[in-house]
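**Student:** First to last, the protein sequences are chains A and B.
Position 3 (the first sequence) corresponds to 3 in the working numbering; numbering is contiguous.
In the working numbering, each number is its position in the second sequence, counted from 1, plus 1000.
If you are wondering where the hints come from, they were derived from the structure by calculation, not from laboratory data.
Check before you lean on any hint, since a few could be wrong.
Label-pair distances were calculated between CB atoms; the ranges are [to be verified]:
| # | chain 1 | residue 1 | chain 2 | residue 2 | range |
| --- | --- | --- | --- | --- | --- |
| 1 | A | Asp65 | B | Ala1149 | 23 to 33 Å |
| 2 | A | Ser33 | B | Lys1171 | 46 to 56 Å |
| 3 | B | Thr1023 | A | Gln82 | 27 to 37 Å |
| 4 | A | Ala23 | B | Asn1061 | 46 to 56 Å |
| 5 | B | Asn1090 | A | Glu13 | 16 to 26 Å |
| 6 | B | Gly1054 | A | Arg35 | 42 to 52 Å |
| 7 | A | Asp10 | B | His1016 | 35 to 45 Å |
Here the structure is a predicted model, which means the values were calculated and not measured.
Every residue, glycine too, gets a C-beta built ideally from N, C-alpha and C.
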Amino acid sequence: MSTPTQPATDTEELESALRQLLAKERLPDYIQSARYELSTDHYGDPMVRIYLDVTPENALILEKDKAKLSKYSEYKQRLRSQVLKLETDYFPLIRMVETP
Amino acid sequence: MSAQKLPEHLLEQAKHLARRERTRPRQASLRRAISTAYYALFHFLIRETLRQLGPNLGQENYNRAYRWFDHGTMRSVAKAFSQEVVRIPNSKEVLIPANDSRIQFIAQHFADLQELRHLADYGSSAVFARPDTIEYIDFLDSAFRIWPAVKKSPEANAFLLSLLLWERWGKQR
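Next comes chain B alone, as it looks inside the complex:
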């Protein structure tokens, strides 16, 4: 598969950018670090979803499926999975009654990073603080490390499936 290590390489790049200047960090470095960190998590979640749902896909179909993911849907899913009780979209019905805190944290960080990436790339007056940037990147680093322990949980399965089929949970028949 092409670019299988892309999330890890993006994370490495984000770490480098966040600490690039020894003393006063340049806003350009912090903005690129945030944007790169978001894409590290974005590609990580897509890769992990496809590994679980289509482990034997050929390269061409893997690439096709990769394009099914959409930033907006992923944000809605991340916001819903940030909660302890995950509800089905446009409904009060419960999808996950007690979400795994590790999935909650990953979802919260995804939602945060997407908004921050938007600010970093388009917000002309946005100013980023280095400790905040490093904190997001440190979290991502630990999320990548804890993922193997959590990825087979029912909550992780529902989270990844939702990234593709979020609106379908509400389907009655």
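Isolated chain A, as found in the complex:
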């Protein structure tokens, strides 16, 4: 998953942290699974895209329930901060994906 333009230590550290952060047992219960992709943003700068898979049923609950959505927001914020703290060149973008 590493891109050749980044120092190997940068990506190794990031990927190892991501594997831990996105492990099934560390995800909130409404998130089915999570994955990441090392890529670039629309300017060509390094970006780590993190996808959080939720079922359409859970997506519906989240959009209707303000308290649950706020919890999701907090989770996303924590995850983003943990990735940013690593100070690699990869800027995180966390997105929810509806999966049946």
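Using the hints, position chain B against chain A.
**Tutor:** Below, chain B alone, put in the same frame as chain A:
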């Protein structure tokens, strides 16, 4: 000044678009909501910068200064200010040793929204989830509300100044 309320009106429009369909949201509505939310924050940051740096500018010069802002530079600044320790561009020197978390959040959301706007406007296969879209818009709503409490902080001053003069921080003499 013309369009002084543009950011608030764009935010209102983004909220409407994100919840436009009662049941299954159309991707077109979510894409336009994201794009509109990005522009709400883009215009908000420009307006607040000009209010602080040029509060007495006449209309014509205000409009001229408005055009100085550039999406790419604003993205670089947002990425740097997303961190707790903000570093001067192309340097290890520290600009802000302990960034205000509220400025960090605004900067992070700006960087996110710019990338998402690009996806929303040009990504043919991109699919947006409504909870995510609403979450961004809710954040923007609270950011606009907390701004008066944070705008006079040294971190906010440095953030806004950077939106125009980012590369200049590294200038030695």
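**Student:** The structure should be examined with respect to each hint, and the outcome stated for every one.
**Tutor:** Here is what the structure says about each hint:
1. Distance hint check: the CB atoms of Asp65 (chain A) and Ala1149 (chain B) are about 28 Å apart, consistent with the given range 23 to 33 Å.
2. Taken as a hint, the range 46 to 56 Å holds for the pair Ser33 (chain A) and Lys1171 (chain B), whose Cβ atoms sit roughly 48 Å apart.
3. Separation of Thr1023 (chain B) from Gln82 (chain A) is about 35 Å and conforms to the stated range, judged on CB atoms against 27 to 37 Å.
4. Checked against the hint of 46 to 56 Å, the pair Ala23 (chain A) and Asn1061 (chain B) passes, with Cβ atoms roughly 55 Å apart.
5. A C-beta distance of roughly 22 Å is found between Asn1090 (chain B) and Glu13 (chain A), which places it inside the suggested range of 16 to 26 Å.
6. The given range of 42 to 52 Å is respected by Gly1054 (chain B) and Arg35 (chain A), whose C-beta atoms sit roughly 46 Å from each other.
7. With their beta carbons about 42 Å apart, Asp10 (chain A) and His1016 (chain B) fall inside the hinted range of 35 to 45 Å.
Hint compliance for this structure: every hint is met.
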